[in-house]
Amino acid sequence: MNGDPYEGQLTSPGLNGPVKLTIADDALDLDTGQGRSTLPYADIRSLSMQDDDVQVTAAGQRLVISRLGQACQWFYDELIAAYNRCVLRALFIDKAPLLTTSGTIELREDQSGWTETGQIAVFDDCLCVLPPDSRARRLPLAFVTAIERQPYGLTLSLSSGETCHLERLGYDLDPLARQLNACRRALSDQAQAARQLLVPQLSRSQALQAAVLLPEGLAVTLSSLQAELPDLAQAVQDLAAARLDWSWPLIREAGDQDRLCVGLKETAPASEDGEATPDWHLWVVAPGRDQQAAAVELALAGDEAAATYVYLTGGSFEVFLPLLNRAFEAAGFRRELLALTEQELLQGRYAAYRMLIERTPSLLELRRRYAGRVVHANPTSWENGLRNLLAAQPPSLADAGPAYCSGCGGRLSPQAAFCGQCGRPVRH
Numbered sequence: 001m002n003g004d005p006y007e008g009q010l011t012s013p014g015l016n017g018p019v020k021l022t023i024a025d026d027a028l029d030l031d032t033g034q035g036r037s038t039l040p041y042a043d044i045r046s047l048s049m050q051d052d053d054v055q056v057t058a059a060g061q062r063l064v065i066s067r068l069g070q071a072c073q074w075f076y077d078e079l080i081a082a083y084n085r086c087v088l089r090a091l092f093i094d095k096a097p098l099l100t101t102s103g104t105i106e107l108r109e110d111q112s113g114w115t116e117t118g119q120i121a122v123f124d125d126c127l128c129v130l131p132p133d134s135r136a137r138r139l140p141l142a143f144v145t146a147i148e149r150q151p152y153g154l155t156l157s158l159s160s161g162e163t164c165h166l167e168r169l170g171y172d173l174d175p176l177a178r179q180l181n182a183c184r185r186a187l188s189d190q191a192q193a194a195r196q197l198l199v200p201q202l203s204r205s206q207a208l209q210a211a212v213l214l215p216e217g218l219a220v221t222l223s224s225l226q227a228e229l230p231d232l233a234q235a236v237q238d239l240a241a242a243r244l245d246w247s248w249p250l251i252r253e254a255g256d257q258d259r260l261c262v263g264l265k266e267t268a269p270a271s272e273d274g275e276a277t278p279d280w281h282l283w284v285v286a287p288g289r290d291q292q293a294a295a296v297e298l299a300l301a302g303d304e305a306a307a308t309y310v311y312l313t314g315g316s317f318e319v320f321l322p323l324l325n326r327a328f329e330a331a332g333f334r335r336e337l338l339a340l341t342e343q344e345l346l347q348g349r350y351a352a353y354r355m356l357i358e359r360t361p362s363l364l365e366l367r368r369r370y371a372g373r374v375v376h377a378n379p380t381s382w383e384n385g386l387r388n389l390l391a392a393q394p395p396s397l398a399d400a401g402p403a404y405c406s407g408c409g410g411r412l413s414p415q416a417a418f419c420g421q422c423g424r425p426v427r428h
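Residue numbers for the sequence shown follow the numbering used here, so the first one is 1 and each next one is one higher.
A hint or two may mislead.
Pair by pair, the computed Cβ-Cβ distance ranges are [stated by the list, open to error]:
(1) 302 x 170: 42 to 48 Å
(2) 348 x 224: 55 to 61 Å
(3) 170 x 25: 28 to 34 Å
(4) 204 x 307: 25 to 31 Å
Hints were generated in silico from the structure; no laboratory data involved. Glycine is no exception: its CB is placed at the ideal position from the N, C-alpha and C atoms.
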């Protein structure tokens, strides 16, 4: 509306009466004439429009905005657009989409799921589904194992266990399928080129095999690389030894060597003129010998590995590894997301992180499984601290309880039986 505030009637537990509404980048500003307040998008659980009223649910309370006249649809559309832009920023997406559309989204994850109408956006490395609530998801194309085309929709299957079915796409169905497949091919080509740079002696077919065996951003067992492509395994070990220094042999000895995993993520591709060399995030995942806990050593591009993180596996490393891969990719390898406490996340400066965590179930779960960290003071203290954490009797994951609702992403009170915002039963 040319920057002018919308005018309507507000009904809410705290403010009532005529209201002027300004849609900002990260919040909805409300001015009733008697007082002003700001509703951050990070606190909004859902948005809907019914009978020319816009309803906003936030922090367990419902706000109803009415008497907007013919501007109601304009206001709702602009609010949804601003809300989605804020969500995308929280998901670390700072580029324009290659394709946008809308349709019905059906998502299944971790024995639960939901169906909602919303926006759909394709980026070069992910698909984002954006319902008008806190259940938005970023689905990395690196995790997509299959795209099944149906007469009226698409179904994406992910290696992390999620499935996403899209339908009621109209004439955008075919363009969406083509764009997704084109992006996956481009990612495959990039991964192949990255593996060729890492191991120059690989043939073209071996580089393609290397990209499949060691996908960008996913940790895999070192033993599988040694069995299939010894040259690739050796290059990865050489890189790990250079980046991790003294902790590399120690972490191998402390954990189960048969299940030791290594992951790579290229961050700075080599330039064509040869002046810039490639750089990688590298991380090592070492499960304890009883598989109850796993150590994760991070060596970020341009940075030294400052600490080792230990997580509970729940007794199955094979189940834990896909969870870790999915969470690390979503976090963009930002260490603070792994260590921030629940109280710190409530601070305003971490609102975007809170939005990301609430919309990424794997990151929620990984944080719940956090057991401790070992600082790199010196080799002896580090090795002793790591062995103690890996060998300690782990607490029950059930005792920790979930911090957020798996349905709406709302924060749960301790030992809650039902979510106070959407009513979903809580699985402890």
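Each hint, compared with the structure:
1. Roughly 45 Å separates the CB atoms of residue 302 and residue 170, a value that falls within the hinted 42 to 48 Å.
2. Against the hinted window of 55 to 61 Å, the Cβ-Cβ separation of residue 348 and residue 224 comes to about 45 Å, which falls outside the hint.
3. Here the CB-CB span from residue 170 to residue 25 is close to 30 Å, well matched to the stated 28 to 34 Å.
4. Between residue 204 and residue 307 the CB atoms are about 39 Å apart, so this pair departs from the stated range of 25 to 31 Å.
Violated hints for the displayed structure, listed by number in ascending order: 2, 4.
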